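Residues per chain, in single letters:
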Amino acid sequence: MKAAHCIEPVVYLLLIVLSLAILLLVAASPPGFLDTSIVYQGF
Amino acid sequence: MRPAFDSPRQAAAFTMLLLLLLAAPWLTAKTSFSRQAQTYSAESIRWENYPWIQKTIFEETNDIDIAFIGSSHMTLGIDTPYVQQQLDERLGRKTVVRSVSWLGGGYDELYFAAKELLAHRRVKTLVFYDESSSPKADEPNDTAPHWFRYGDDGGLLAGLPLRQQSVYYFAAVIGMPRNLLNWVIPGLPEDPNRPIPTFAETRNLAVNPETRLGSVSAHLGFDPDFMANTNFVVFVPQTGTTSADFRMYQPGTNSSYVFSNRPLPDWQIFFARQFARLAQRQGCHLVLLHLPEFTERSSPVMVEARDWPGLCQTDMAMMGIPAGRLFAGLSEGEVKLLYADPGHLNENGQRYFTRLIAPGLIQYYESCALH
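Line by line, the protein sequences are chains A and B.
Note that my numbering has the first sequence beginning at 1, numbered continuously upward.
Note that my numbering has the second sequence beginning at 1, numbered continuously upward.
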C-alpha cells in the first residue's frame, strides 16, 4: 500500500514528462507529419 | 471535473503505452526485429501512391542511363520519353531513361530515395534539383514518416544537431504503426487493374506516369495559388532560344550562376553532402539541372542557394538555361501558358524546356561515358 503511494507521483511525473516530450516533438516537426492525407496531396 | 484517470493503475498503463510508442523505433533498432519490421516494409508503404516508382526501383533490373530524380518540379519539368528517344537515336541503341519523383522537396528525401534506387539499380547519370522558392522548402519533407526508418537510418543522423535528429526520430514514431502493419501483412501486391487513378492523373490531369517513364505532363492552366486550374491551352512558344543557350557552370568563369548563400537549415546541407557521397561511391555522374520557376522569368542568371559542387566536394555538373533567356521574347501571359503554378511547368513548358536542354544533357552523358 505504501509502495503504491510512492509510485503514484512517479507515474504522474513520468506522464507529464512524456506529454511535454510529445508536445515538443510536434512543435518541432512540420505540420505535414501528422497529416494522414499527405500522400494523396499534390505534385 | 471528472479526473482523467479512474485510478493510478490506469494512469500507469497509459504512461507505459506512451513510453512504448515513443520508444518503439529505438527498441526495434536495438533488436533484430528492425530488419523484419522496418527494412522492407518500405517497398509497398513508401511508394504506395507512386506505383510506377516502385516498379522502377524494385522490379526493373537493367542499368539506367539517365535518371531524373527529385521533387514534383522534376517530374513535371522533364519530358522523359523525349530524352530517351533522343538518347536512343544518338547512341544507336535502346537506352533507359527514367524519372523518379515524389511530393515535396528537400535533400533528405532526395538522399533516401537515391539510396533506395542505387541499392537496386546501376545508374550512370543522376540528374537532380532541389531548389524551390516554396516556404516549405526548408522544412524536413512532410512524407518523412513514410520513409524514414530509425532501424536502418538512425545511425546516419549522428552528424545532425539534436533537435533535427529528434524530428526524424519523431517521423519514425509516426511511421511505426504503418511499418508494423506492413510487417503483419507483407508485400501486398499491386492490383494491375487498380480502379483508383494515381494522384498525377486526378490532380494534374496527366496520363498515367508509368506510360511516360515516370514523367507527369500536367494538363493544367496557370494558377498563382497552386490550385488546379483545369483550363489548359496548348501553346508552342516561338522564341529565338536554342539548345546553344544551355549553360554549364565553370568555377570562376561563368556568369550564368549566382550563389545567394541564403541561410539553409543544417539538415539540407548535411543530406546534400550525404547524397553527393552516395552517388560518387556508386559511380554515378551527377548533374544539378536548374529548373526555372515563374518568378525568375526575366532573370539573366540562375540563382542557387550554394555552390553545391564546392560545398559537397564532389564532381558535379551544374547546368541549365537562365529563365530570362529561356523566355526571351515571350509576354508574361505567354509564359503563364507554360506553367501550372509558379513552381511547376505544365505540359507546354515541359515540352519546350526539355527540347532545349536535352542536347546539352546528352552531350554531357556522352562525354562522361568516354571517361
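Treat the hints loosely; a few may be bogus.
Restraint-style ranges between C-beta atoms, simulated for each label pair [unchecked claim]: (1) His-5(A) to Gln-165(B): 36 to 44 Å; (2) Pro-263(B) to Leu-13(A): 55 to 63 Å; (3) Glu-366(B) to Asp-35(A): 25 to 33 Å.
Which bits of chain B does chain A cover? Going by a derived footprint, with three or more residues having C-beta under 8 Å, they are [stated by the list, open to error]: (4) 22–29; (5) 156–167; (6) 295–306.
With the Cβ distance kept under 10 Å, some of the chain B side facing chain A (calculated, not the full set) [claimed, not checked]: (7) Glu-139; (8) Asp-142; (9) Thr-211.
In case anyone wonders, no lab produced these hints; they're calculated from the structure.
Predicted model, so just to flag it, every value in this text is computed and none were measured.
Note that CB positions come from ideal geometry on N, CA and C, so glycine has one too.
Hints, one by one, checked against the model:
A C-beta distance of roughly 38 Å is found between His-5(A) and Gln-165(B), which places it inside the suggested range of 36 to 44 Å. For the hinted restraint 55 to 63 Å between Pro-263(B) and Leu-13(A), the CB-CB distance of approximately 39 Å leaves it violated. As the Cβ distance of Glu-366(B) to Asp-35(A) is approximately 44 Å, the hint placing it in 25 to 33 Å is violated. Only when three residues or more bring their CB closer than 8 Å to a CB of chain A does the claim for the segment 22–29 of chain B stand; here the count is 1, and the claim is violated.
A count of 3 residues in the segment 156–167 of chain B with a Cβ less than 8 Å from any Cβ of chain A is obtained; the coverage claim is therefore met, three being the minimum. With a cut-off of 8 Å between beta carbons, the segment 295–306 of chain B has 0 residues touching chain A; three or more are needed, and the interface restraint is violated. Taking 10 Å as the C-beta cut-off, the interface hint given for Glu-139(B) holds, the closest approach to chain A being about 4 Å. Taken as an interface hint, Asp-142(B) checks out: its beta carbon lies about 3 Å from the nearest beta carbon of chain A, inside 10 Å.
Annotation: Thr-211(B) was flagged as interfacial toward chain A, and the flag is violated, the nearest CB pair being 16 Å apart, outside 10 Å.
Hints 2, 3, 4, 6 and 9, counting from the list given before, are not met by this structure.
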